[in-house]
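Starting from the structure of chain A, add chain B where the hints point.
Chains A and B, in that order, give the protein sequences. All you need for the numbering used here is the position in the first sequence, starting with 1, plus 3. All you need for the numbering used here is the position in the second sequence, starting with 1, plus 19.
No lab work stands behind these hints, which were simulated from the structure alone. Honestly, I wouldn't trust all of these hints.
Taking lysine to any residue pairs in the SDA-like style, the calculated list, with each CA pair at most 20 Å apart, reads [said to hold, decoys possible]:
| hint | chain 1 | residue 1 | chain 2 | residue 2 |
| --- | --- | --- | --- | --- |
| 1 | B | 74 | B | 100 |
| 2 | B | 87 | B | 45 |
| 3 | B | 72 | B | 55 |
| 4 | A | 12 | B | 63 |
| 5 | B | 73 | B | 87 |
| 6 | A | 12 | B | 39 |
| 7 | B | 87 | B | 46 |
| 8 | B | 87 | B | 22 |
| 9 | A | 12 | A | 117 |
| 10 | B | 72 | B | 99 |
| 11 | A | 12 | B | 58 |
| 12 | B | 73 | A | 17 |
| 13 | B | 73 | B | 55 |
| 14 | B | 74 | B | 36 |
| 15 | A | 12 | B | 59 |
| 16 | B | 74 | A | 106 |
| 17 | B | 74 | A | 107 |
| 18 | B | 87 | B | 31 |
| 19 | B | 72 | A | 107 |
| 20 | B | 72 | B | 86 |
| 21 | B | 74 | B | 38 |
| 22 | A | 17 | A | 115 |
| 23 | B | 74 | B | 103 |
| 24 | A | 12 | A | 99 |
| 25 | A | 12 | B | 60 |
| 26 | A | 12 | B | 61 |
| 27 | B | 74 | B | 46 |
| 28 | B | 87 | A | 45 |
| 29 | B | 74 | B | 97 |
| 30 | A | 17 | A | 41 |
| 31 | B | 73 | A | 106 |
| 32 | A | 17 | A | 67 |
| 33 | A | 17 | A | 109 |
| 34 | B | 73 | B | 58 |
| 35 | A | 12 | A | 27 |
| 36 | B | 73 | B | 94 |
| 37 | B | 74 | B | 60 |
| 38 | A | 12 | B | 56 |
| 39 | B | 72 | A | 106 |
| 40 | B | 73 | A | 109 |
Computed from a predicted structure; not experimentally measured.
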Amino acid sequence: NAGVTQTPKFQVLKTGQSMTLQCAQDMNHEYMSWYRQDPGMGLRLIHYSVGAGITDQGEVPNGYNVSRSTTEDFPLRLLSAAPSQTSVYFCASSYGGGAFSTDTQYFGPGTRLTVL
Amino acid sequence: KNEVEQSPQNLTAQEGEFITINCSYSVGISALHWLQQHPGGGIVSLFMLSSGKKKHGRLIATINIQEKHSSLHITASHPRDSAVYICAPRRNTGTASKLTFGTGTRLQVTL
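Same shape as in the complex, but just chain A (with noise of 0.2 Å):
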């Protein structure tokens, strides 16, 4: 299994300018969600999703868009991208994800971007 992926590993934007993050995922995981890590801060929730079809906000959603058309597939949308969303996005995923889960969250490697 490769586990959890993401691509691209590294990306510089400019401001205003619009990009996906993928994410995917092998071991047939219905719970997906993506973080931000920024410096000094622990990681944050963004989108999360609890099977293909459904997906909801999570605590700093804004400019953010995101889609779970398959089990395997989470993208994230960065529609208009600003210097505020210079970060390093995580995704994950877990076997379960309902209220009291306690399954197992795993990790994608990252993606460093930058917005000038």
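For chain B alone, coordinates are given in the frame of chain A:
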């Protein structure tokens, strides 16, 4: 006040020392994860526990649900343990559970 507090923020130890990292949280949880973030940035889940104690090699994690506190211990520390250790309680919100993350404890183990 943050929902998750870790201490210490930074820790330097000599090889062989016993290390303790503490995590306090203020939210109701279903489980708590301890994560390790390597210098290269990758994040690995070390433990997921909902009660009591778990041990894996030189690592031991404990949790006291009533006191909302968890600890991660490393016995006989080694330079390869140098990393950032992150506490992540898993809280319940409606139909889904979500992780809340501490800011991490940066551990450096020297020879």
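Given the hint that residue 74/B pairs with residue 36/B, does the C-alpha gap stay at or below 20 Å? holds, 17 Å
Compare the distance between the alpha carbons of residue 12/A and residue 60/B with 20 Å, and conclude whether the hinted pair is satisfied. Holds, at roughly 11 Å.
Within a Cα-Cα threshold of 20 Å, do residue 87/B and residue 22/B meet the stated pairing? With Cα atoms ~11 Å apart, residue 87/B and residue 22/B stay inside 20 Å; holds.
Does residue 73/B pair with residue 17/A here, judged by a C-alpha cut-off of 20 Å? violated, 46 Å
Quick one, are residue 73/B and residue 109/A close enough, alpha carbons at most 20 Å? holds, 19 Å
Tell me if the straight-line CA distance from residue 72/B to residue 55/B falls inside 20 Å. holds, 18 Å
Assess, step by step, whether the Cα of residue 12/A is no farther than 20 Å from the Cα of residue 39/B, and give holds or violated. Outside the cut-off at roughly 33 Å; violated.
Verify the proposed pairing of residue 17/A with residue 109/A, using a straight-line Cα cut of 20 Å. With a Cα-Cα distance of about 31 Å, the restraint between residue 17/A and residue 109/A is violated, given a limit of 20 Å.
Compare the distance between the alpha carbons of residue 87/B and residue 31/B with 20 Å, and conclude whether the hinted pair is satisfied. Roughly 26 Å separates the two Cα atoms, so the pair is violated.
For a C-alpha distance cap of 20 Å, please report whether residue 87/B and residue 45/A respect it. holds, 18 Å
If you draw a straight line from the CA of residue 74/B to the CA of residue 107/A, is it 20 Å or shorter? The given pair, whose Cα atoms are some 16 Å apart, holds under the 20 Å limit.
Is residue 72/B within 20 Å of residue 106/A, Cα to Cα? It holds: about 17 Å lies between the C-alpha atoms, which stays within 20 Å.
Of the numbered hints stated above, those contradicted by the structure are hints 6, 10, 12, 18, 24, 27, 33, 34, 37, listed in ascending order.
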